[in-house]
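Asker: Given next are the chains, with one letter for each unit.
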Amino acid sequence: MDFREVTNIEYMNQGDFACPGCGAGLSMRHALKVLGDNTVIVMPASCWSIISGVFPTAALQVPLMHVPFATAAAVASGVKNAFRKKGQEDVNVVCWAGDGGTFDIGLQALSGAAERKEDIIYVCYDNEAYMNTGIQRSSATPPGAWTTTTPTGNPLIYEKKDMFNIVVSHNPAYVATSTIAYPDDFYQKFEKAKNAKGFRFIHLLSACPPGWRIDSKDSVKAMRLAVESGVFVLMEKEQGKPVKVTYKPKGLVPVREYLLFQGRYKHLNEDTVNEIQIMINEHLMSLGLL
Amino acid sequence: MNKDMMLGSEAVALGVKLSRPKVVSAYPITPQTHIIERLSEMVDSGELDASFIRVESELSAISAVLGASQAGVRAFTATSSHGLALMHEVLHWIAGSRLPVVLVNANRAIGSPWNIWTDQTDSMSQRDLGWMQVYCETAQEALDTVLQAFYVAEKVLLPIMVMIDGFILSHTLEEVIIPSQKQADAFLPIYEPEYFLDVDNPLSFGNAAKGDVFYYLREDMQHSMEASFGVIREAHNKFDEIFGRKYDIVERYYLDDAEIVFVIAGALTGTIRVAVDKLRALGIKAGLLKIRYFRPFPSDIVKNLLKSKEHVVVLNRSVSFGSAGQLAQEIKNALYYEPSKPKIYDYILSLGGKDVFVEDVVNLAKNVGNLKTSKILWRE
Numbered sequence: 036m037d038f039r040e041v042t043n044i045e046y047m048n049q050g051d052f053a054c055p056g057c058g059a060g061l062s063m064r065h066a067l068k069v070l071g072d073n074t075v076i077v078m079p080a081s082c083w084s085i086i087s088g089v090f091p092t093a094a095l096q097v098p099l100m101h102v103p104f105a106t107a108a109a110v111a112s113g114v115k116n117a118f119r120k121k122g123q124e125d126v127n128v129v130c131w132a133g134d135g136g137t138f139d140i141g142l143q144a145l146s147g148a149a150e151r152k153e154d155i156i157y158v159c160y161d162n163e164a165y166m167n168t169g170i171q172r173s174s175a176t177p178p179g180a181w182t183t184t185t186p187t188g189n190p191l192i193y194e195k196k197d198m199f200n201i202v203v204s205h206n207p208a209y210v211a212t213s214t215i216a217y218p219d220d221f222y223q224k225f226e227k228a229k230n231a232k233g234f235r236f237i238h239l240l241s242a243c244p245p246g247w248r249i250d251s252k253d254s255v256k257a258m259r260l261a262v263e264s265g266v267f268v269l270m271e272k273e274q275g276k277p278v279k280v281t282y283k284p285k286g287l288v289p290v291r292e293y294l295l296f297q298g299r300y301k302h303l304n305e306d307t308v309n310e311i312q313i314m315i316n317e318h319l320m321s322l323g324l325l
Numbered sequence: 376m377n378k379d380m381m382l383g384s385e386a387v388a389l390g391v392k393l394s395r396p397k398v399v400s401a402y403p404i405t406p407q408t409h410i411i412e413r414l415s416e417m418v419d420s421g422e423l424d425a426s427f428i429r430v431e432s433e434l435s436a437i438s439a440v441l442g443a444s445q446a447g448v449r450a451f452t453a454t455s456s457h458g459l460a461l462m463h464e465v466l467h468w469i470a471g472s473r474l475p476v477v478l479v480n481a482n483r484a485i486g487s488p489w490n491i492w493t494d495q496t497d498s499m500s501q502r503d504l505g506w507m508q509v510y511c512e513t514a515q516e517a518l519d520t521v522l523q524a525f526y527v528a529e530k531v532l533l534p535i536m537v538m539i540d541g542f543i544l545s546h547t548l549e550e551v552i553i554p555s556q557k558q559a560d561a562f563l564p565i566y567e568p569e570y571f572l573d574v575d576n577p578l579s580f581g582n583a584a585k586g587d588v589f590y591y592l593r594e595d596m597q598h599s600m601e602a603s604f605g606v607i608r609e610a611h612n613k614f615d616e617i618f619g620r621k622y623d624i625v626e627r628y629y630l631d632d633a634e635i636v637f638v639i640a641g642a643l644t645g646t647i648r649v650a651v652d653k654l655r656a657l658g659i660k661a662g663l664l665k666i667r668y669f670r671p672f673p674s675d676i677v678k679n680l681l682k683s684k685e686h687v688v689v690l691n692r693s694v695s696f697g698s699a700g701q702l703a704q705e706i707k708n709a710l711y712y713e714p715s716k717p718k719i720y721d722y723i724l725s726l727g728g729k730d731v732f733v734e735d736v737v738n739l740a741k742n743v744g745n746l747k748t749s750k751i752l753w754r755e
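The listed protein sequences correspond, in order, to chains V and U. The C-terminal position of the first sequence is numbered 325 in the working numbering, with every residue numbered one higher than the one before it. The C-terminal position of the second sequence is numbered 755 in the working numbering, with every residue numbered one higher than the one before it.
Please note: incorrect hints may appear among the correct ones.
What the hints assert, rightly or not - Calculated cross-link-like contacts (lysine to aspartate or glutamate; reagent style EDC-like; alpha-carbon spacing at most 20 Å):
| id | chain 1 | residue 1 | chain 2 | residue 2 |
| --- | --- | --- | --- | --- |
| 1 | V | Lys121 | U | Glu464 |
| 2 | V | Lys68 | U | Asp573 |
| 3 | V | Lys121 | U | Asp379 |
| 4 | V | Lys120 | U | Glu634 |
| 5 | U | Lys747 | U | Glu569 |
| 6 | V | Lys120 | U | Glu569 |
| 7 | V | Lys121 | U | Asp575 |
| 8 | U | Lys557 | U | Asp379 |
| 9 | V | Lys152 | U | Asp595 |
| 10 | V | Lys276 | V | Glu226 |
To be verified - Derived list of chain U stretches under chain V, where covered just means 3 residues or more per stretch with a C-beta under 8 Å from a C-beta of chain V:
| id | stretch |
| --- | --- |
| 11 | 394-406 |
| 12 | 429-439 |
| 13 | 442-452 |
| 14 | 565-574 |
| 15 | 577-583 |
| 16 | 720-733 |
Just so you know, the hints here were simulated from the structure itself, not pulled from any lab data. Quick caveat, the model's predicted, so the values are computed rather than measured. Beta carbons: idealized from backbone N, C-alpha and C, even for Gly.
Extracted from the complex, chain U is given alone in its bound form (with noise of 0.2 Å):
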């Protein structure tokens, strides 16, 4: 088996190289630049066969990315932060024009002030787009969730966003596991989309709906999101067969006879699964549940896992103000129909960058008897 040390974003890198994107545009911006620096090499020695097409802004990175895949081939961007919020009505047309798109994001803050630090609000922002969001948590996982990320969104015909932790994922070295191109082309197939700009069938896209029309296009991506959970499953078990490593939706770590949850989305979780085995030595039934697709997001999972637990502490790394943490949001939906369902605690856990210890979460869980559900609990 070939191993390597690399940063998350070379990962992610070698996971878009895999995946032999056709086109591939992008602009830099910390902490996402590697990817693309690293995709840069690739192409201009032949590793990758692709146009990289070096663009003036995040604008234009997504623009191009969205000719390219409209034109019928498989197309990349990466990006971060502010990067994400300039492509944010390119991000909806992609959507709406049902375009398989994969974008990495790598997870930081959005000024003002300025800060460069992971916090997961650029792609919580982005959420009510009509993209799939996957939350990694190390550089193994980013690297086959790129691979997955494209079998997906081909399958359903909605663009994927997978989310890389600025830094605590992006910047930090790792032993990675390699595919081979020959394994990733077994699980990847050559993409042939049905509809695309061909000069032999002309079709114009984009044409201007009525409210019917553009109403029935809207029910329909919900219905795709909704039926996706077949097609990621699907790509799980073929990722499984090929490559021997397991994906779910959701990841549960002793969490069966846990009596207090915690829920995280990203790379923290490494630090979660740390404060969980603490809190099992000290005899504390503590378990952990990482939700991978926050898009669709996983209701009925999440409430057939967390319905008859007592405490839910959601770990928030980001927060939508004047109403919650958007995982908190969720969490909470998921639960709204059950009879009796645990208490569950929206707690901003790391804004920015701001650090989290081990021993902070492990007195959160310590301290659950005097936490309140009727309000946003922030850090002292």
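In isolation and in its complexed conformation, chain V is listed as follows (with noise of 0.2 Å):
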């Protein structure tokens, strides 16, 4: 794509409050610059309960309403039915949640919009762990990592949950997993799911240098490790077409150098790395990436 054609509005203020190097800050601000100002955003708890701001202050320039924890897509589903029975069929209705309001206490109310067919647009922003909390696991945090509540790591039994699939099953109009560490991917993503009809579902891996234990300038530079060492894969579905995959890294990076580097994996042995390592490329073997 042509980075000159991406507009120069902001709609995302100055003086959130998200913490330095926050990839679901970034994430939201190029989102919006794709879907506009004919856009309404429902929040479920998440860290953007805050990075939203706190009143009178209100970070977006578009509307927004926060809801609670488990209900995100529900509240969208009747958001957009409101608007059509207005005669606004063609607002933007977007549910941006983290990943605990979405693999966790937020994923029946997601199967039932997912299943009937919502004309909503669903973006989980993932940093793999409730970090408004304080770092506490989720079913979105990887085998290994340290939290709050898995202070010596996540059991490597618990395999992060397939949300791109547990989706793709729902036969939805579109399906993507994305990071804005790759803006062209990122970018072509949010438009095609804009301009689908249907029920929409954008996976974005979001790093958190506080809970991801690494320092802010290196946020983009572990979003983009994850890719190229194939622990996040950048792929779509679009209804009626196969799964495909949007982004070869050519030649994968070693998990270790993704994991090593990010204080919550600090405290792996070797065995650990490896056995991680395996889970990686049986995943991409999966795929036919390896």
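Could you fit the two chains together into a complex? Lean on the hints.
Answerer: Okay, structure coming up:
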């Protein structure tokens, strides 16, 4: 894509409450540049509940409603149906949820909305734990990762929940994974999601410097290494078409390089790193990438 | 005048249709299910121009209604018992968001053990949310109250929960006068909220608020509750003008000269009316005070009606374990500052659909001299 076409308009104000290096803040800024001002955000409890500002401040230039943790996709269903009845079918109704609100507590409402083919875009910014409450494990936390509730590391049998395929199994209009560390991929996928009709889901890997125990300047590096090592695969599935990998790393970086520069994996020994590499390899083989 | 025989639940569905909501979302639960079945038929046939969102749980039903209401349209849901309990968190959120949602709850016991019969513990457990609460006695009252509820909620900017007793009202055929859509439209104005999700006027709803702001917002909810009596009276007067049916915040039956007063809310009021008739025939001066609005609780009205009475027997269909029947708590609260007050008996009349016969109530009145005021009274 041609980045000269990206709008100079900012829909996210300066002075938000995001931590330095927050992937979720960066993701919102760019997602809104694609979605534009004909957009409404539905936001369950997450880091973004705070990033969006404390009264009387507000971080977004588009309408936003905060909602209880488990309810985002159901609330968005109600919003979209109301807009339809008001003759405003074209408004982008977007859920903006963390991994806890998507993989865990919000999964039932998400499944319901996907099954009903609700005409909404559900974005999960996945920082791989409950970061807003202080780094507790979620079902998006990868095997081996330290959190405050997995102080000796997330057990290896706790494979990260396969959200992409869970949503794909509902046969929605569009499902994608992406990360703002690859803006080209990110912009194209939000554009596709915006232009499709029906249930659309975008899973964003979103680095969290305090939670991942990395320097804030390394946030983009962490997200890039996740992709280059095959830990996080950029892919998409349009309704009626097969799953497509949208970015194939040229020569995979060993997983250890991704893991061991992050404080949350510092405790891992050689054997555990190798076991995680094997798990990643199996996943990549299933996708034909290895 | 157009009349028909219908179930209480069908009367509710008719009241909803006449109110012209744009979004209805619900999940099945006995004994509420007839309401949403009927509404589904109305939406599918085009009788009701609304979106019906068939969600996967009550939590999502109330969430969809939250979203629809925040987007600026009239929204409705119905539930019961466990379903209402599952909605609890979002019920708070809707009240805090000052959204005029209307919910009909078919009162039913909450387990364990399983019990589908009538019991008001489900809604009484939701009394502190900032939702207004109305308890109905008849199918006609249920239909009429749905219309009134939208009127009141949209002026006060607080949601309203309308209660019909499960089975006793939801599943009982009664004669109902069917209002015309023209009458309903004359009564209930088109819903035009001031603040809603609007891409031309982007606002953030529910952003974090610190203590000072939060405290003010909650104080304002209480002030709105207190001020709502004026709106409720206005709704009742306008309703009477258009439909020719009178309603009040509480209802009196042989109350003026009564020495023994029963206080009750909901469909069992009918049984108590018959008991009062029998007692009067026996020369016992019994009377009845029916509580329609439980939230806001009409303390001043209750105080003035009851302060000079001798015996007040509160007939609860719920209990707050370790304390008292919730209705009795309110009656005692209302009379606390009166220098002379009646003996107030806190009687748990029925839970989980335990049958109540007229004779039970007649005997209760005959035996009133032996009743104790010091503790909750249970049936033998």
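Asker: Now, for every hint given, state plainly whether the structure supports it.
Answerer: For each hint, the structure was consulted:
Straight-line distance between C-alpha atoms of lysine 121 of chain V and glutamate 464 of chain U comes to about 28 Å, which puts the hinted pair past the 20 Å bound. A threshold of 20 Å between alpha carbons decides the hint, and for lysine 68 of chain V with aspartate 573 of chain U the separation of about 18 Å falls inside it, so the pair holds. Taking the CA atoms of lysine 121 of chain V and aspartate 379 of chain U, the gap is about 34 Å. The hint is violated against a cut of 20 Å. Restraint check for lysine 120 of chain V and glutamate 634 of chain U: not satisfied, since their Cα atoms lie roughly 55 Å apart, outside the 20 Å limit.
As the CA atoms of lysine 747 of chain U and glutamate 569 of chain U are separated by approximately 52 Å, the hinted pair breaks the 20 Å bound. For the hint linking lysine 120 of chain V to glutamate 569 of chain U, the alpha-carbon distance of about 18 Å falls within 20 Å, and the restraint holds. Taking the CA atoms of lysine 121 of chain V and aspartate 575 of chain U, the gap is about 14 Å. The hint holds against a cut of 20 Å. Proposed proximity of lysine 557 of chain U and aspartate 379 of chain U is supported: the alpha carbons are some 18 Å apart, at most 20 Å.
Between lysine 152 of chain V and aspartate 595 of chain U, the direct Cα distance comes to roughly 39 Å. Violation of the 20 Å bound is thereby established for this hinted pair. Proposed proximity of lysine 276 of chain V and glutamate 226 of chain V is supported: the alpha carbons are some 18 Å apart, at most 20 Å. Residues of the stretch 394-406 of chain U with a Cβ under 8 Å from some Cβ of chain V number 3, which satisfies the need for three, so the listed coverage holds. For the stretch 429-439 of chain U, the stated coverage by chain V holds: 9 residues have a C-beta nearer than 8 Å to a C-beta of that chain, and at least 3 were required.
For the stretch 442-452 of chain U, the proposed coverage by chain V is satisfied: 8 residues have a C-beta within less than 8 Å of a C-beta in that chain, meeting the threshold of three. Residues of the stretch 565-574 of chain U lying with their CB closer than 8 Å to a CB of chain V number 3, which satisfies the three-residue condition for coverage. As drawn, the stretch 577-583 of chain U meets chain V at 7 residues by the rule of a beta-carbon pair under 8 Å; at three or more, the given contact holds. Only residues whose beta carbon comes within less than 8 Å of a beta carbon in chain V count, and the stretch 720-733 of chain U has 0; fewer than three means the coverage is violated.
When each numbered hint is compared with the structure, violations occur for hints 1, 3, 4, 5, 9, 16.
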